[in-house]
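With chain F fixed as given, assemble chains S, Z and U onto it according to the hints.
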Amino acid sequence: MAFNRREFVKAASGAIVLASAPFVLKRAGIAAEEPIRIGNILDKSGGLNIYSLKQMQALAMTVEEINKAGGLIGRPIELLFYDSQSDNQFNSKYATDAMVKDKVKVIHGGITSSSREVMRPIVDKFKGLLFYNSLYEGGVCDRRHVSTGMVPAQQLAPLIEYMVKEKGGKKGYILAADYNYGHITSKWMQKFIRDHGGEDLAVEFFPLDVTNFAPAISRIQAAKPDVVWSALVGGAHIAFYRQFEATIGKKNMMLASSTYGVGLEQLQLSPEEGDGIVVATSFIDSLPTAKDFIAKFKAFSGDQSYVGEYGEYGARGLLIWAEAVRQANSAEPDAVIEALAKGGVKVNGAGGLYSVDGQTNHTTMDIHLVVGNKSQSFDLIRSFEQRPPSDTQMVCDLNKNPNDAQQYEIKL
Amino acid sequence: MALRIVGLSPPSQPPRAWWWGFAALFAAFLLTMPIYFDIAVLFSVTNYLVLALLALSMSFLWGYGGMLSFGQTAFFGLGGYTYAVMALNLHETTGAMIVAIVLPMLFAAVLGYFMIYGRISDIYFSVITLVVTLILEKGIRATSGDQYVVGSVRLNGQNGIPTTPALQVPWNPKVQLEIDDVFYLAAILLVLTYVGLRLLLITRFGRILVSIRDNERRSALLGYDTRRYKLLAFVIAAGVAGLGGAMWGVWGNFVGPNMFNLGQAAQVVIWVIVGGKSTLIGPIGGTIAVQYLTDWLGTQGVGQVSLVLGIVLMVMVMLFQQGLLPSVGLIAAMARDALSGARRHRAPP
Amino acid sequence: MSDEIILETRGLEKRFGGVRAIADVSFKLRRGELRCLIGPNGAGKSTFFKMLTAQLKPTSGQILFESKEITRLEAHEIGRRGIGIKNQVPDVYDGLSVRENIWLAASVRARPTLARAKVDEVMARLELEPLADRLVGELAHGQRQWVEFGMVTAREPKVILLDEPTAGMSAEETSRTAALIREANKLATIVVVEHDMQFIRQIARTVTVFHQGAILAEDTMENIQKNQTVKDVYLGKSGRA
Amino acid sequence: MDDVAIYAYQIGLSFAIFILISLGLAVIFGMMRVINLAQGEFLMLGAYFCTLITKAGVDLWISFFLAALAVGVFGMIVERVMIRYLYGRILDTLLATWGLSLFLVGGVTTIFGPQSESVAATLGQVTVGAFGISLYNLVVIAFALALLLGTYALWRYTRFGLVVRGTMQNPAMAAALGVNTGLVYTLTFGFGSAITGLAGAVLAPIVGAAPPMGVFFIGKAFITVISAGHLPLLGTISASGLYGVIDGVVAYISSSVIGEMTVLFVAIILLRLLPLGITGRMRRGI
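Protein chains in written order, with numbering that gives the first Met the number 0: chain F, 0 to 411; chain S, 0 to 348; chain Z, 0 to 240; chain U, 0 to 285.
Read the hints as simulated data drawn from the structure, not as lab findings. All values reported here derive from a predicted model rather than from experimental measurement. There could be a bad hint or two in this list.
Short, incomplete list of chain U residues facing chain S, as computed with Cβ under 7 Å [what the hints assert, rightly or not]:
1. Ala95
2. Trp97
3. Gly105
4. Gly106
5. Gly218
6. Leu270
Covered stretches of chain S, going by a simulated chain Z footprint (3 or more residues, C-beta under 8 Å) [what the hints assert, rightly or not]:
7. 197-209
8. 215-223
Estimated spans, in silico, between C-beta atoms of each pair [stated by the list, open to error]:
9. U:Phe264 / F:Lys169: 37 to 43 Å
10. U:Leu182 / Z:Arg19: 37 to 43 Å
11. S:Leu89 / U:Phe264: 27 to 33 Å
12. F:Asn402 / S:Val174: 17 to 23 Å
13. F:Asn402 / S:Ile187: 31 to 37 Å
14. U:Leu182 / S:Gly117: 37 to 43 Å
Note that beta-carbon positions come from the ideal geometry of N, C-alpha and C, so glycine has one too.
Isolated chain F (complex conformation):
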């Protein structure tokens, strides 16, 4: 197999990006300053790396850009990468390493809720800062934790209103991954479906390793819903979209999802299988605001394929943190937290305006209603500007309780 070595190395390794840093830094004339160390803990290997690989590259790219442009508050950023290998024991270990041994100012990372929940107490204990760049089920209330991804209220409300009201999808059948995200998301789905006068016929949960959906599809056929709602996650569950198209077909039944596209599912399915799935997301490659980012990312990574939301999260997380550092004029975690609490941290990113809500440390962002097309990508239906993380806001107020450090499960 012929490798383009440069591309391969870049694709394979965050550490190599670091190796090129001194040269870049010297050119930018900031090498003399003491660097700001940051850590990125993601799953380069193991089953979860479909969510991580582009994100770590986007983050490394953003670091390089900031350094080229003169650094952050006059200092270069030094990025340390840790491969948590899709195993929480490494999240625990590397978070401690990053805080204690490497003394990083911020940790970006964590894909699953469980990896985040392993790292959060460690970051709390050593008074650090954790940026969790991933869509999740909402409810974490902790000033040392910043969520830059979507939470259910942001994403599901517009999606479900559109499907029920405009597309006539009154009767819904919900399939979700069998873990916290799926359970909580499915409850939000039920709530919004009912709110809009629809009916949820059934909710089913699937362990992450299920690949045979034939029994579920037969049950769906027996129940005859208008829409199938999917909150399925991970490589194995992609099989569902394939089997759905082969058995029922989107001609006969609508399919909408909170997670489709997150793991670049559309690239892994045939054009027909992905065509017509309705999704709400905070980023797609074809957004007008995304052109510049996409071009830079493709040049940086040498990878011409679709980038997607999880790739963009890497850049988004770092940019938001960098802006907070600038406002605080310090990279020290407590100073950054204070800057965030003021609520004025706003960044114009590739998916629109991101502003951190000081009450919850969650991010207000634009949500884009999109539909899968025949070219393994998405078409924009419409955008909903500046949707707040209202679910988490219902339960969390860090201004009132700055010492809160728990995840609320929102009761419906």
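Frame of chain F, contents of chains S, Z and U only:
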């Protein structure tokens, strides 16, 4: 002909003086580590020490009881979950720790009775233990819903229990163990378990157990109820694994279904294989070596860690079947034989 | 020798698939006897021994030991009641030392101090002291046979079953084994399976002949040697009489 | 009527998947007493070869067989380089192939990336009352049956099958009769691998091809083969049948987790009652 490996005397002999010296040195080295290393190193080493308990559990059972259980992770996970659930419910950790050792032992007693008294053959024993740990994993993963509560604690399925409490000082529950305290505790527990298991081997029970590994039929014909001894060994190993699991929960303030999974079960085998199952100290070394390698690879940007681990395992099995430590001894034995052979030729008749 | 029957089988039968390895064997052994079992290869002698010690389960029939039925007992229960066996291939702990092997046998019943004394006694009787710390796996075939013999006697069984105790031994070793067996016979009832007629003549009073899974004849050695049927099936063919 | 058809379909598909994932392992374990833990990764390789070959423009049906061939050759190389030094050491083989499994997952991720690859086989669907059934799923069932019959015929009626069975029963005798036993081992392992590769290829249009996919299947395959006992074909059919029915019915009426857990549970009970597997007491057959 059986070649006697240097430094490897039959387990039934009481440890020699050098062994006590070694054990003391090992303990002293561990206990003085906090002087030389910072807390991040201690934190990772604690992880190795705790996992070494799991490796000890397997190497005791496999190396001396002749039973290869692929499912020691079942007891490891059970120990961890028991500790987390009990400690969160009781707001007290000493009792939780004890239950976390006892419950896996009870479970092992039932499961072991079923298998050992059912005279299930070796390979099926391995498979059934593996299946059991996979069932537990699947079962735990399926508890994400809010209806799965033990006492006041949500089991949380896939996400595990990330609020696993820190250990309290038994006589003063207000004081919680910090990272360096947990390190001391893990080091002491490991040394005690190691010495304890080693001494167990020279008791009547230990010697009979080793005889069963060597030739079960002979032991039965002599009149030993081999099933009883095997069951007891299985139960003891489960207790050690349970202790490891509970300590792992204490170490990372987290327990999760990954504790049960195939990858974790594979790792245990790899540790023991690398270290060599014919000793108890080997697997401890194997655990530390392999875990350090995995940690280190994770920060080196070399690509896929599993690629490297796979190669390590294949090379170990193909080239160093005895494990690294005993292989060194074996080479020494062959060298010694060659030398003494040469001397014999040279000696006058 | 007393008239008390110590070991008895009634209509013992063993089938492997469609093959009858042992057919309707009714066998009686008096306490204190030294009995030899002979018969051509495949006559079922080893199978018979294995059933007596629960290494194989009989298809039908009964085994009685000291007038109590032991047919369905586990191997270790039979061992505990006092039947010891030396199997055809040396069945020892190759990975353990000679002393350890004997100790394991001696300590089935005895308390630790008694067991240690017993080990010393057996080692002395079998002249195994120089080998005490060698691994049994390192020893020569004949030595391993003696180790096993030592193990069987060390636990002081009431009945000892010996399956070809002299296989692979030199003439000198064989006669020593014969002496050891006679010595052991003072304390225990012994059944020996052997092919070596010289050896049998040295030790046996009564001989039982197995043929095709059944008992063909049972008598003194002299009478057996005169028995025409036995000659036909066994002695005649082997030509060793 | 619909219900009967849909149950039959669920059971059939479940049975077919059990057969596909375990037949290769059964051949290798049943014939050679080698437990190949990298079997799941062989399946994965089959799926990858299938998607790659299809992407190169080859017809899907032809690519199935090319994928089988490729994995078969790969299996023979593995046998030559690794397995043959470990015969008779069942645990060592198990560990070495475990290493191979980790190595392959890492290797494939490095080369192809972590995302899954796919291949489309849109044959359409047939309608049974209110239910649509994917036509391709029926093809999968047919493939599983064909694979069974083919393997049976090869073993039972060909010279190769006879030589293989003879060699496995008594290698020394076979060697004395002039059989190149080394070659027979290589070919048998290659054949088992090829079946697995074919299974992976046939499953690819349903489940795709992704580096960790082997792990999803190996547990089930392992349990099927162990439950089967020492007659690889008959045992696999019975075990797959049993587990297929349980999984198909339970997964349909409750959920797939309960289905899988029931299968694992039944496996334990079964091994307790029949410690040598379903065919443990049978003496003849294949």
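Against the structure, the hints come out as follows:
Nearest Cβ of chain S to the Cβ of U:Ala95: about 4 Å, under the 7 Å cut. The hint holds. A least Cβ separation of about 6 Å between U:Trp97 and chain S falls short of the 7 Å threshold, and the interface hint therefore holds. A least Cβ separation of about 3 Å between U:Gly105 and chain S falls short of the 7 Å threshold, and the interface hint therefore holds. For U:Gly106, the interface hint holds, since its Cβ comes within 7 Å of a Cβ in chain S; the closest pair sits about 6 Å apart.
The interface hint given for U:Gly218 holds, since its Cβ lies 6 Å from the closest Cβ of chain S, which is under the 7 Å cut-off. Hint status for U:Leu270 relative to chain S: holds, with the closest Cβ pair at about 6 Å, below 7 Å. Judged by the Cβ-Cβ criterion of 8 Å, the stretch 197-209 of chain S is covered by chain Z as claimed, because 4 of its residues qualify and three suffice. Evaluation of the coverage hint for the stretch 215-223 of chain S: fulfilled, as 8 residues show C-beta separations to chain Z shorter than 8 Å, against a requirement of three.
At about 40 Å, the CB distance of U:Phe264 to F:Lys169 agrees with the hint of 37 to 43 Å. For U:Leu182 and Z:Arg19, the Cβ-Cβ distance of about 41 Å falls inside the hinted range of 37 to 43 Å, so the restraint holds. At about 31 Å, the CB distance of S:Leu89 to U:Phe264 agrees with the hint of 27 to 33 Å. A C-beta distance of roughly 21 Å is found between F:Asn402 and S:Val174, which places it inside the suggested range of 17 to 23 Å.
For F:Asn402 paired with S:Ile187, a C-beta distance near 34 Å keeps the hint of 31 to 37 Å intact. Checked against the given bound of 37 to 43 Å, the beta carbons of U:Leu182 and S:Gly117, roughly 40 Å apart, stay inside it.
The structure meets every hint from the earlier list without exception.
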